[in-house]
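**Student:** Construct the complete structure from the given sequences, taking the supplied hints into account.
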Amino acid sequence: MFRFPSCRRKVIPGFGLSLGFTLFYLGLIVIIPLAATFLKSAELDWSEFRATVGSPRVMASYRLSFGASLAAALVNGVFGFLTAWVLVRYSFPGRRIVDALVDLPFALPTAVAGIALTTIYAETGWMGQWMKEVGIKAAFSPLGIMIALIFVGLPFVVRTIQPVLEDLDAELEEVAASLGASRFKTITKVVFPSVFPALITGIALAFARGVGEYGSVVFISGNMPMKTEITPLLIITKLEQYDTAGATAIAVVMLVISFVLLLLINLLQAGYAGRRA
Amino acid sequence: MNIEVRNIEKRYGSFTALGDVSHVFESGKLSALLGPSGSGKTTLLRIIAGLENADQGQVLFGCEDASHRHARYRGVGFVFQHYALFRHMTVFENIAFGLRVKARSQRPSRSEIRKKVERLLKLVQLDWLGGRMPSELPGGQRQRVALARALAVEPRLLLLDEPFGALDANVRSELRQWLRRLHDEIHVTSIFVTHDVEEALEVSDQVVVMNAGKIEQSGSPDEVYDHPASPFVYRFLGHANIFQVAGGSSLYVRPHDFDVFGEHFPGAIAAQVLGCRSVGAIGRIDLQPNNGGDPLQVETDKNSMRSMQVVEGKTLYIRPRASKQYTAAAEI
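Residue numbers (this note's numbering), protein chains in the order written: chain A, 12 to 288; chain B, -12 to 319.
The hints are simulated quantities; they were obtained by calculation from the structure and are not laboratory data. A portion of the hints provided could be inaccurate.
Only pairs whose alpha carbons sit at most 20 Å apart, straight line, appear in this in silico SDA-like list of lysine to any residue [stated by the list, open to error]:
1. A:K196 x B:S96
2. A:K196 x B:G62
3. B:K89 x A:T197
4. B:K103 x B:H170
5. B:K89 x A:R194
6. A:K196 x B:R91
7. B:K89 x A:T199
8. B:K89 x A:E184
9. A:K148 x A:E134
10. B:K89 x B:H170
11. B:K301 x B:I256
These numbers were taken from a predicted model, which means no experiment stands behind them.
**Tutor:** So this is what it looks like as C-alpha cells:
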C-alpha cells in the first residue's frame, strides 16, 4: 500500500542532523577550550581572583584594550564604508588591485605588520618624524596601538559592507532623485540606512578582532605598564611567569566583557532589522 | 502642459534602443507606451524622467527644454514595477519622503506634511496603514504606496514603468481600473509603460505602439485597434489570420471577425476542424482550410459552437466579416 510521508516532516530535511553537528562542532572548537579557561581560573579563590583581575595594572590594560579597539573600530567604520563605497560605485583603473589590497591585513603575519608600522611611525620613521614636528607621538603610545588595530580591522568592515552595497537596488536612488532629494540626502536617508546593519556587523567584527589582537600591537605599543600595555600581553606575561591561573583569570574577565558587548551589538542589530521586516 | 520628445536617439554599444523617436504626449491625458520587450518603451520613459540621457534629441516640458535638467529638478513622479519603496521607513515616511527632503525654505511644516500624507493615504485608500512597514503589505498595496509617494511632490508629470507587471491577474485588473478612476480625479499628465495590450486599451486615453526603437502608431485605443497602421501593430494587438490575395498583398482577419456556419453558405470557404476548446464564454476553433493555406484560428460564442456540434474533423464554413489589407512591402 502506498503511504504518504508524514505531514510533520519539514520541507528542508536534515534539521536534526545539521543542528546536532553544529552543536558538536561549536562545542569542540569554541566551548570546550573556553570552558577549560573558566575551570583553570577557578583554581584561584575569590579574593585571589579579585586581586589578580582588579589590580591597577590589569584594570589599565582593560581600559586600553577595549578603548583602543572601540576607537579603531569606529575609525574603520567611517573609512571602511568609504572604501567599500568607492570599490562598489566607481570603476577606475586598478580597482581590482585596490580591492585585493583590502584583504592584505588578513594575510600578513601580524608581527610583520607590527614591525612595519613601528618602523614607519617611530620618531625616526617616515611618518613619525613629521608627526613629531606637530607634537604627536605615534609609536609607543595608545595612538600607535590604535593605528595597528585600524590596520588589522579594516578588511572586516569593507568586506561586510561591500556585498550589501552591491545588492542595493539602483531604483531606490533613482526614486529618491525623482522625488527631489539631493545626492547628500539620498545617501544619508536612503543608502546609509540600508547599509547600516552591515556596518554595525563590520564594526563589531573589527572591534572583536582588535580586542584579541596581539602580534602587531606588542611591537608598536612599547608595552609600558599602566600606559601602553594591552590585556593579551599581560596574559602572556603571566604565562611566562608560570602563573597560568592568573593568566586565565584575566582572560575570563576579557571573555565575559567581549561576549556581553557582542551580544549587545547583535541585539541592537536584530532590533533594527526587526523594525524593517 | 504637453510633454514632447523630439528626435530622441539612444544607443547601447551597437544596439539602437531608440532611433529618432518624436511624439507629443498631451496634457492631462493618460498615455500608454505599448510594445514587446526590447522595443525601447522603458528607455523612452527613463529619458523623459531624466534617469537616462538621450544621445540625441530633446525632451520638452511645455515650451521648456528639459533635456539637460537633472531628474531631481524635473518635477516628475516615477513609479517602478517593483515599487522601490524604502524598506527602512514606514508607509507614512515613504510618502512623506519627497516633502521632507525639500530645501528648508520650501519645506512644508510638520503639520502640513502630516495633513498632506493623510490626504494621500486616503486617496490611495490605505488610510489605516500609515504605520506599517512596506514589507508587511501585499504587492497591490505597495504599488499604491509608491504611487502616493510619487504624487506627494505634486509632479507635473507621472511616469509608471510596468506598474502592474509584478502583480497577480486579479489585483492587476482591479488596480488598473482604480488607476483609471484616480486619473479621472486628479488629471495629472501620465505615461505608463506596458506590454499588456488589454491593459493599454482599457486604461489609456492614448496608445503609443512601439517596436524596435521606433513608434509604429499612436492614437486613441479604438483608432489603434480598429485601424492598425502596420502589420506589426495588427499582429501585436491580437491574433491575426493571414490570407494571401492576388497582387502580392495580404488580408488580415481577427479570429472574432468570422461568420461561422455549420452548412454550406454562399461566399464562405470550407475548412476542417483541427481542434476546439472553450475559454469562458468564447469558443475557439482551429481550422484547416480545404483549399490549402495556413491553419486559421476562429472565435465564436460558446453557445453557437455547441449548437453546431463542433468536433474534430467536422467541416465548417467560414466567411470573414471584416479584414484589413496590407501590401507586401508593409509586411517587412
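**Student:** Now look at each hint and say whether the structure bears it out.
**Tutor:** Verification of the hints:
Among the hinted pairs, K196 of chain A with S96 of chain B is consistent with the structure: their alpha-carbon atoms are about 18 Å apart, no more than 20 Å. The suggested pairing of K196 of chain A with G62 of chain B holds, with an alpha-carbon distance near 17 Å, which does not exceed 20 Å. Note on K89 of chain B and T197 of chain A: the hinted pairing holds, with a Cα-Cα distance of about 12 Å set against a maximum of 20 Å. Distance restraint check for K103 of chain B and H170 of chain B: the Cα-Cα separation of roughly 18 Å lies within the 20 Å cut-off, and the hinted pair is therefore satisfied.
Pair hint K89 of chain B plus R194 of chain A holds up; C-alpha atoms about 12 Å apart against a cutoff of 20 Å. Restraint check for K196 of chain A and R91 of chain B: satisfied, since their Cα atoms lie roughly 13 Å apart, inside the 20 Å limit. Restraint check: the Cα-Cα separation between K89 of chain B and T199 of chain A comes to about 14 Å, which is no more than 20 Å; the hinted pair holds. Annotation: proposed proximity of K89 of chain B to E184 of chain A holds, straight-line Cα distance about 16 Å (limit 20 Å).
For the hint pairing K148 of chain A with E134 of chain A, the CA-to-CA distance comes to about 7 Å; that is within 20 Å, so the pair holds. With a C-alpha separation of about 26 Å, the suggested pairing of K89 of chain B with H170 of chain B is violated against the 20 Å cut-off. Taken as a hint, the K301 of chain B and I256 of chain B pair is honoured in the structure, with Cα atoms around 14 Å apart against an allowance of 20 Å.
Checked against the numbered hints given earlier, the structure breaks only hint 10 and satisfies all the rest.
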